[in-house]
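There are 4 protein chains.
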Amino acid sequence: MTGLKQEDLVLLWSPKKGDRYLIRLTSGASQSTHLGLLRHDELIGLSYGDPVLSNTGHDFFLLKPSIGEYMRRIRRQTQIVFPKEAGYILLHLSLFPGARVIECGSGSGSLTTLFANMVGDHGRVFSYDRRADFTALAHANCERWGVSERVEFKVRDLAEGFDETDADAVFLDVQAPEDYLRQVRRALAPGRQLGLIVPTTNQLERIIPALQAESFVNIEILELLLRRYKATAARLRPEDVMVGHTGFLVFATAVRGKVPCPENGEE
Amino acid sequence: MTGLKQEDLVLLWSPKKGDRYLIRLTSGASQSTHLGLLRHDELIGLSYGDPVLSNTGHDFFLLKPSIGEYMRRIRRQTQIVFPKEAGYILLHLSLFPGARVIECGSGSGSLTTLFANMVGDHGRVFSYDRRADFTALAHANCERWGVSERVEFKVRDLAEGFDETDADAVFLDVQAPEDYLRQVRRALAPGRQLGLIVPTTNQLERIIPALQAESFVNIEILELLLRRYKATAARLRPEDVMVGHTGFLVFATAVRGKVPCPENGEE
Amino acid sequence: MTGLKQEDLVLLWSPKKGDRYLIRLTSGASQSTHLGLLRHDELIGLSYGDPVLSNTGHDFFLLKPSIGEYMRRIRRQTQIVFPKEAGYILLHLSLFPGARVIECGSGSGSLTTLFANMVGDHGRVFSYDRRADFTALAHANCERWGVSERVEFKVRDLAEGFDETDADAVFLDVQAPEDYLRQVRRALAPGRQLGLIVPTTNQLERIIPALQAESFVNIEILELLLRRYKATAARLRPEDVMVGHTGFLVFATAVRGKVPCPENGEE
Amino acid sequence: MTGLKQEDLVLLWSPKKGDRYLIRLTSGASQSTHLGLLRHDELIGLSYGDPVLSNTGHDFFLLKPSIGEYMRRIRRQTQIVFPKEAGYILLHLSLFPGARVIECGSGSGSLTTLFANMVGDHGRVFSYDRRADFTALAHANCERWGVSERVEFKVRDLAEGFDETDADAVFLDVQAPEDYLRQVRRALAPGRQLGLIVPTTNQLERIIPALQAESFVNIEILELLLRRYKATAARLRPEDVMVGHTGFLVFATAVRGKVPCPENGEE
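For the record, the sequence lines run as chains A, B, C and D. Here the first sequence stands for residues 2 to 268, where the numbers follow our numbering. Here the second sequence stands for residues 2 to 268, where the numbers follow our numbering. Here the third sequence stands for residues 2 to 268, where the numbers follow our numbering. Here the fourth sequence stands for residues 2 to 268, where the numbers follow our numbering.
Here chain A stands alone, though its shape is the one from the complex (with noise of 0.2 Å):
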């Protein structure tokens, strides 16, 4: 195993507070805490799992951070996806190291990063948003995590349509999915996933006749609501405040011709 390097992520973490400080290694820069000050210079060489102290004498230790854990804390500009979802995502696209995945919008490149983190270095993630500021901004985040190579980043109106076609499977974090689901269908292998995500009831009721319509089949419609518990094992309870909702994810599949019959069997 060798030492932390330069550019190098790590989570800092303090037993006294259990505060989490993300950075990346960068010679002659520093990191000020709650508890004091940490040099990046006396961290690079190190290990992960090593603890440190600052410059008042508190202990921290250097952690990997998880993908999830880096997802929560990138820089943003818009409404992120989470890792309560992301996940969920992960399995209902399918995502497999080789996969070829289009996304739109870009947005801060949470998701973006964890598409690249998934993929590897066979397969690709096309990611579209029509505001090159997003765009640059997911760019850096995937960059910080060290995927931005597997992406293809392109500032372009959804309504002009994807440039590929036989694609593993295409996320949606739009204003009205419901107007592109035409450019989905050519970009989405038949048989796979489109998966998208909004925050109202009343997108969900456009966006279910519009996947219909569409010729779109298995419509699954949730939300996932996560829960913390206090880790205190003598007074073991949820934490008193939660996140009450972020947004409902949809997934369809996309087939040739014509569904016969309205989707009554799911009702």
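Treat the hints with caution; some may be incorrect.
To be verified - Quick list of in silico lysine-lysine cross-link-like pairs, PhoX-like style, CA-CA up to 20 Å:
1. B:K231 <-> B:K18
2. B:K17 <-> A:K259
3. C:K17 <-> C:K231
4. B:K259 <-> A:K18
5. D:K231 <-> D:K17
6. B:K18 <-> A:K259
7. D:K259 <-> C:K18
8. B:K259 <-> A:K17
9. B:K17 <-> B:K231
10. D:K17 <-> C:K259
11. D:K259 <-> C:K259
12. D:K259 <-> C:K17
13. C:K259 <-> C:K18
Everything labelled a hint here was simulated from the structure, so no lab data went into it. Since we're looking at a predicted model, the values are computed, not measured.
Given chain A, work out where chains B, C and D should sit, using these hints.
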């Protein structure tokens, strides 16, 4: 796009009832459904997304099953880890193509299949179970998804320890995870994540102090609730019944040396 | 304490399985259970809390049913309002002994019984339904609990309006509550609460602007999720299955005159 | 309808922000808000439902506070029982006008006020607390709602037992309810319900066997999750943040004699 062939997995989906049947194409076999019979030989050569008729004239579509769908439908002899937890586990164990990950027990192989799917051809899953019959089932379920070659199954009592060191991640789904933390520390690379699942609060109350005693830090405890909605646009509402509990997830990071003070900060 | 007598309600509870049977003592009648037969005549004269044996020698206890238990067990022809919502309704309609409260529809009388229980001998429940068969059922269910004399049942289409004015509270459990808000305003004392329940998000989207248009303010929308735990101390965990949805509750307050601006503040 | 007078409770509601202020009309007093000042003397003589202007010309409405609203807004020195649990408690303790109910501790009087509201002039609440300062606060909060005459407050350590027998219901909100079950049995009429609330799973694990040992049966354990929605019809969605935990509710029924076998049936 070449056609479906022997041994391919297909999700048969009916627009009539939304019924789903997961099959593995086998020449000579046939699938009976509530809406008639489908002979595999008539499916071989078709493509994902194609429509097909049962012998009684009912429509079906040939979908490519997602790994999430597959996990829910594997043959099982044990309680399995479900997609809502499994996706979250992927992100917080930080799995990636090429990763070396340990799990115990193999159980029915639901999580084994997912891990093997995600680590790719250059990664490795080491899957332990003390029962040979579970190992055989887990192996069969991995093979059906086409990833069994990435897994080393070992029939062994966990008390004897793991063969591996410097693993990228460890996941425990065992009765008394607190009994095996020493073995985990030897196997897991420092600064990396241990994940585990337990069904009861009593187990949580035992694992928390055990993790603290073995210098695991950054303890996170949570559960995920999945709520499905009926895909009916004009009368949108959550489904009447939902799963009330599967298990509690715990994550923690192994560090070097003694953690100076008990994890008061987490209180 | 005098003994149990004819027409008293008793909850038979078995320590063997936790089975519960709600009976109304009727001389000559008997209750068959999975653990044998109990003759009402042998129960008359005993007291709440007493043990009793079935004809096959199994133990039962005679419990006094709570109103919550009763509501869950009434004979029903309609979807009923369940205790988890009903209790919240009591508090937010601010029911009290002596209150005059209107409800529509009567349905199976679950909420009618509760309201009548709570307003006492000096209060009054006005219960409307357009179907005479529901009214009859609701009346029977109130009578069984001994509170039917506090209720005036009216078989009427709500479009014709209520007879009452200055009611302390109004509750609507109807298909299209947005159609009857004018009638509610005439019946409800200003500054008091309207409550309503609807199962779908589409209905919520219709009722909100309708309430605003009719000068209802202080709009509150919520749902309640009830999660049960197994009463097993050594393996404490939530139950495997839970109710995923019953309905959305809406509360709003009627005021005088026009509300100056749309309820932007709530956004 | 006569006008509002000295000591009436009013909920001031602003259509601008949905802000709410609970006041008790007091000649000479005034209420400052983010939208200007309101003098009580200008409100006295108006009626519930009336509009009124602040000194800066902003609109307010005079609403009659519900008991649920009041409970959420009482002055408190302790954790209080919230309306979502309180309503369920009413139904499962089976409160009714005329009931005699015991609670311990009084705490800030949130539940005391509700119980006193519901038992009416002919009912009685016996409220115990070992701390005189809590008793004083609970008394003040009951008085503000106008129901303190229905309550007998007693400053006492629960170990000394209750003065009452044959109570219709008992509710415990104490640190170690398992220590006082014998006292509860003496005070509670057989076949009636004990309710209690505890925040941690450890307490649940202790109370279950204690209840079984003291011949309480029909044990029910649950929690309630309340999810609010934004009252915005065109973008309907749950609120971003919700309360993640308040407490676990436990209900059980006292019976006579020994319960023959441990409550295996509940497993």
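Verification of the hints:
{"no.": "1", "hint": "B:K231 <-> B:K18", "result": "13 Å, holds"}
{"no.": "2", "hint": "B:K17 <-> A:K259", "result": "14 Å, holds"}
{"no.": "3", "hint": "C:K17 <-> C:K231", "result": "15 Å, holds"}
{"no.": "4", "hint": "B:K259 <-> A:K18", "result": "17 Å, holds"}
{"no.": "5", "hint": "D:K231 <-> D:K17", "result": "15 Å, holds"}
{"no.": "6", "hint": "B:K18 <-> A:K259", "result": "17 Å, holds"}
{"no.": "7", "hint": "D:K259 <-> C:K18", "result": "17 Å, holds"}
{"no.": "8", "hint": "B:K259 <-> A:K17", "result": "14 Å, holds"}
{"no.": "9", "hint": "B:K17 <-> B:K231", "result": "15 Å, holds"}
{"no.": "10", "hint": "D:K17 <-> C:K259", "result": "14 Å, holds"}
{"no.": "11", "hint": "D:K259 <-> C:K259", "result": "64 Å, violated"}
{"no.": "12", "hint": "D:K259 <-> C:K17", "result": "14 Å, holds"}
{"no.": "13", "hint": "C:K259 <-> C:K18", "result": "58 Å, violated"}
Of the numbered hints listed earlier, those contradicted by the structure are 11, 13.
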